[in-house]
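Asker: One letter stands for each residue in the lines below.
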Amino acid sequence: MGNHAISFREVRKTYPDGTTAVDDLTLDVPEGSLTVFVGPSGCGKTTSLRMINRMVEPTAGTVEVNGQDVSTVPEAQLRRSMGYVMQASGLLPHRTVVENISTVPRLLGQSKRAARERAEELLETIGLDRGLGGRYPSQLSGGQQQRVGVARALAADPPVLLMDEPFSAVDPVVRADLQRELLDLKQRLNKTIVFVTHDMDEAVLLGDRVAVFARGGRLAQYASPEKILREPADQFVSDFVGRDRGFRALSFDTHDIPLSGVLTVDGQGHTAEVGGPAGVTDWVLEVNSAGQPVGWVTSTQSAEITDQAHRVGGSLHHPGGSLRSALDAALSSPSGLAVAVDDDGRLLGVLRPQDVLEAIDKVRESRQ
Amino acid sequence: MNLLSGMWQWLTDPTNWTGTGAIPARMLEHVAYSGVVMLVAVLVAVPLGLLVGHTGRGAGVVIGVSGALRALPTLGLLTLFSLLMGLGLVPPLLALVILAVPPILTATYAGVAEVDPAVKDAAKAQGMTPGQVLGHVEVPLALPVAMGGIRNAALQVIATATVAAYINLGGLGRYLIDGLAVRDYSRMLGSVLLVAVLALAADAVLAALQRAVSSPGIRTSPTEK
Chain A
-19 MGNHAISFRE VRKTYPDGTT AVDDLTLDVP EGSLTVFVGP SGCGKTTSLR MINRMVEPTA
41 GTVEVNGQDV STVPEAQLRR SMGYVMQASG LLPHRTVVEN ISTVPRLLGQ SKRAARERAE
101 ELLETIGLDR GLGGRYPSQL SGGQQQRVGV ARALAADPPV LLMDEPFSAV DPVVRADLQR
161 ELLDLKQRLN KTIVFVTHDM DEAVLLGDRV AVFARGGRLA QYASPEKILR EPADQFVSDF
221 VGRDRGFRAL SFDTHDIPLS GVLTVDGQGH TAEVGGPAGV TDWVLEVNSA GQPVGWVTST
281 QSAEITDQAH RVGGSLHHPG GSLRSALDAA LSSPSGLAVA VDDDGRLLGV LRPQDVLEAI
341 DKVRESRQ
Chain B
216 MNLLSGMWQW LTDPTNWTGT GAIPARMLEH VAYSGVVMLV AVLVAVPLGL LVGHTGRGAG
276 VVIGVSGALR ALPTLGLLTL FSLLMGLGLV PPLLALVILA VPPILTATYA GVAEVDPAVK
336 DAAKAQGMTP GQVLGHVEVP LALPVAMGGI RNAALQVIAT ATVAAYINLG GLGRYLIDGL
396 AVRDYSRMLG SVLLVAVLAL AADAVLAALQ RAVSSPGIRT SPTEK
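Which chain is which? The protein sequence lines are A and B, in order.
Anchor point for the first sequence: position 232 equals 212 in the working numbering, and the numbering is continuous, going up by one each time.
Heads up, the working numbering is the position in the second sequence plus 215, with the first residue counted as 1.
Be aware that one or more of the hints could be misleading.
As the list claims (entries may be wrong) - Here are the computed lysine-lysine pairs in the DSS-like style, where the Cα-Cα straight-line distance is at most 30 angstroms: (1) K166(A) to K207(A); (2) K335(B) to K92(A); (3) K166(A) to K335(B); (4) K166(A) to K92(A); (5) K207(A) to K342(A).
Claimed, not checked - Just the calculated beta-carbon pair ranges, DEER-fashion: (6) L258(B) to D(-3)(A): 37 to 47 angstroms; (7) A286(B) to G(-2)(A): 37 to 47 angstroms; (8) L254(B) to L169(A): 47 to 57 angstroms; (9) R93(A) to G301(B): 57 to 67 angstroms; (10) L298(B) to K92(A): 54 to 64 angstroms; (11) G114(A) to L258(B): 42 to 52 angstroms; (12) G279(B) to R93(A): 43 to 53 angstroms; (13) L284(B) to G(-2)(A): 35 to 45 angstroms; (14) S51(A) to L298(B): 57 to 67 angstroms; (15) R195(A) to A419(B): 52 to 62 angstroms; (16) G279(B) to D214(A): 51 to 61 angstroms; (17) D(-3)(A) to G275(B): 16 to 26 angstroms; (18) K92(A) to G236(B): 51 to 61 angstroms.
To be verified - Chain B side only, calculated, beta carbon under 10 angstroms to chain A, not exhaustive: (19) A338; (20) A340; (21) G342; (22) M343; (23) P355; (24) R434.
No wet-lab data here; the hints were simulated from the structure.
All of these numbers come straight from a predicted model, not from anything done at the bench.
Glycine residues also receive a C-beta, built at the ideal position from the N, C-alpha and C atoms.
One chain only, chain A, in its complex shape (with noise of 0.2 angstroms):
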């Protein structure tokens, strides 16, 4: 593999106070890869984030970018080429949006209605309004500053993007639409991207390969987010990872789940069998016309779905979903039974939880 866009030889950062927050960091960045830097305050994930644009120098080693070592790139010039996205938004407070969306055009010469157009362009490809565009950082809720600081990021088309924990201080509403954006902006986009969290869940959710950083500034495993969960380097990762590490595995795992009948009854009390013959009768799916699942009812109930843990939620198991997605959807579901849907929402059959615990053996089988 000859493209990587970031690499880290032999860096190190150490404070006149004697605290090493970067130890001996030997590390490479494919080009046009998401990579997270993933550990615990005080690993020194942010610090060699910071060390890629020179908003920290290193103490020792080189940090070079496409082959080129940083420190031989003017400060300016370095940052101005590389998007630079934080946690505090850090919007110029006393601008609008369009006119820090502008900064990095506008700092390379760029004329302001060129700036402007594609500050404007770009408020769409981060989903926000342009109206908005008028408006100061102020006056924008919290994911939608964090969407301007994005867009700032990207105004100058960078090929680099470096990410400093972006999403921690939204909700974890707005949090999750943002990584599903980032996701979707990472496909047309075609940048390399570095993202420093301190969330395991979001590192594993994003990343194409995490950096698990240990304190002291130690990298303990740098791997596919797969192979972290499941192949810890050390006490460290393993711990830091979580308990329930071997339930995220399942995340990476699909195997066909033969389908189950199960016993449907519609808004006008017809009812009906779906995906072959049902083999429990004490719980009933409610379905709507569209043929989508609605929730369970008990046999011996009328068709009123009274309690809401009885409803059909966020946990559908779509066929070729990972293993993950159709545990939970077993765990979740009140009967026991995983609802399976197609694409459109509508009912295919149900999952049994033992023929997915099979499908979780099998595929065990199969790795060994």
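Using the hints provided, position chain B relative to the given structure of chain A.
Answerer: This is chain B only, laid out in the frame that chain A set:
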């Protein structure tokens, strides 16, 4: 005689409003002294405040010296400077500059120092040079606060510029000194009122200027001193 009606009489006496040494001329002198003092004070204090705020160096010295300067009585300084340099315009102007510098200096410094470190960090990380961080970020964000210090200084200078008359110069202080000499309290009170009106007018102008230099995005931050 009733002091207030006496003052009113003095203020409305047409002979006080025409000729040399009349109210308009004295006001003009007063404005000129104050204007020159404010200009010099701003030219000294604003760049120094920006420099100290930007580099973070010398903040302790600035605050200490500003505090000490504030404690100096202007009249005492004027006397000292006059003894050292002789009579003329320089001693009172210098004494007034020393009065005006501390509030402008500390406000400018505070304005720069209060800029959110995350904003400065982000500006730097986008590729702004230190000069651009100062010009594009710190100055526009510090300006409203610095203007607060300038307003404060202007009020003090306009009120205190009356001391110029102490060493035989003009300005509205003339009426105070001369009025005292002949125990014409109406005249003294009238000139005090004129000084107050002048100070309020200057403050209104500076307040408008302060609004003009404050981006709508930061209007929520303190605009008053």
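Asker: Flag every earlier hint the structure violates by its number, smallest first.
Answerer: Violated hint (a single one): 11; every other hint is consistent with the structure.
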